[in-house]
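The hints should help you fit chain B onto chain V, whose structure is shown.
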Amino acid sequence: KAGVTQTPRYLIKTRGQQVTLSCSPISGHRSVSWYQQTPGQGLQFLFEYFSETQRNKGNFPGRFSGRQFSNSRSEMNVSTLELGDSALYLCASSNRAPSGSYEQYFGPGTRLTVT
Amino acid sequence: GEDVEQSLFLSVREGDSSVINCTYTDSSSTYLYWYKQEPGAGLQLLTYIFSNMDMKQDQRLTVLLNKKDKHLSLRIADTQTGDSAIYFCAERPLSGGYNKLIFGAGTRLAVHP
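Heads up: the protein sequence lines correspond to chains V and B, in order.
Start counting the first sequence at 17; every next residue gets the next number (my numbering).
Start counting the second sequence at 5; every next residue gets the next number (my numbering).
Next up, chain V with everything else stripped away, as it sits in the complex (with noise of 0.2 Å):
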């Protein structure tokens, strides 16, 4: 079975800019969540979409915007770059699992350095 993957892999940008992001989850999964990845924060959650509906939402601000298709495949925008946009963007793949677990895994990520 197929990982999750992310497009595209590298992204440079100017400040002022947007950027749209894109996740294709496992198959069969229908959660797609967002987080950013930085050297000073760590990993943040930025938001899930279940079943084309965001569910949760961490506190970023509304620059950070997402959508998920009928397919589950999930984009993630930005708009507006800052130079603190700057970092690896993870989208992460879940289902519940037969035991009732929760698992959730994670594409290669898109590694976006705005200038």
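Do not rely on the hints blindly, as some may be mistaken.
[Claimed, not checked] With a straight-line Cα cutoff of 25 Å, these simulated SDA-like cross-link-like pairs (lysine to any residue) come out:
id, chain 1, residue 1, chain 2, residue 2
1, B, K40, V, K29
2, B, K40, B, K71
3, B, K71, V, S117
4, V, K29, B, A45
5, B, K71, B, D7
6, B, K60, V, K29
[As the list claims (entries may be wrong)] For each label pair, taking beta carbons as the anchor points, the in silico distance ranges come out as:
id, chain 1, residue 1, chain 2, residue 2, range
7, B, S77, V, T30, 40 to 48 Å
8, B, G86, V, P55, 37 to 45 Å
9, B, A81, V, S86, 39 to 47 Å
For the record, the hints were derived by calculation from the structure and aren't laboratory data.
Don't be surprised by glycine CBs; every beta carbon is placed ideally from N, CA and C.
Chain B alone, transformed into the frame defined by chain V:
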């Protein structure tokens, strides 16, 4: 509140056991996870434990959970150079809702010959 703490660095000799420790604050956490991150890569799910368990073993990995002290540890037996990476502990608090994970800052494991 939600907070996860880990020591930042651990150095071990190849063949020895490694023990990485983690403390968390949210007693409502239902699952606790260990992830591994190698340079330039995403997070690899290593193992996890349900909060009503106190131990879980999976090949070279042993997870111990002390719910009273909110302390989690990951023991890697016979540590190899390929185990060199950053290890993250994460909690899934009930109050966070659904699949929100709270991560520690990560422990960098260095394995030397």
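Now for the hints, and whether the structure bears them out:
Restraint check for B:K40 and V:K29: not satisfied, since their Cα atoms lie roughly 29 Å apart, outside the 25 Å limit. Restraint check: the Cα-Cα separation between B:K40 and B:K71 comes to about 23 Å, which is no more than 25 Å; the hinted pair holds. The straight-line distance between the Cα atoms of B:K71 and V:S117 is roughly 18 Å, inside the 25 Å bound, and the hint therefore holds. Restraint check: the Cα-Cα separation between V:K29 and B:A45 comes to about 21 Å, which is no more than 25 Å; the hinted pair holds.
Between B:K71 and B:D7, the direct Cα distance comes to roughly 15 Å. Compliance with the 25 Å bound is thereby established for this hinted pair. Proposed proximity of B:K60 and V:K29 is contradicted: the alpha carbons are some 44 Å apart, above 25 Å. The hinted range of 40 to 48 Å is satisfied by B:S77 and V:T30, whose Cβ atoms lie roughly 45 Å apart. For the pair B:G86 and V:P55, the beta carbons lie near 24 Å from each other, so the given range of 37 to 45 Å is not met.
A hinted range of 39 to 47 Å for the beta carbons of B:A81 and V:S86 is consistent with their spacing of about 45 Å.
Going down the numbered hints, you'll see the structure goes against 1, 6 and 8, while the others check out.
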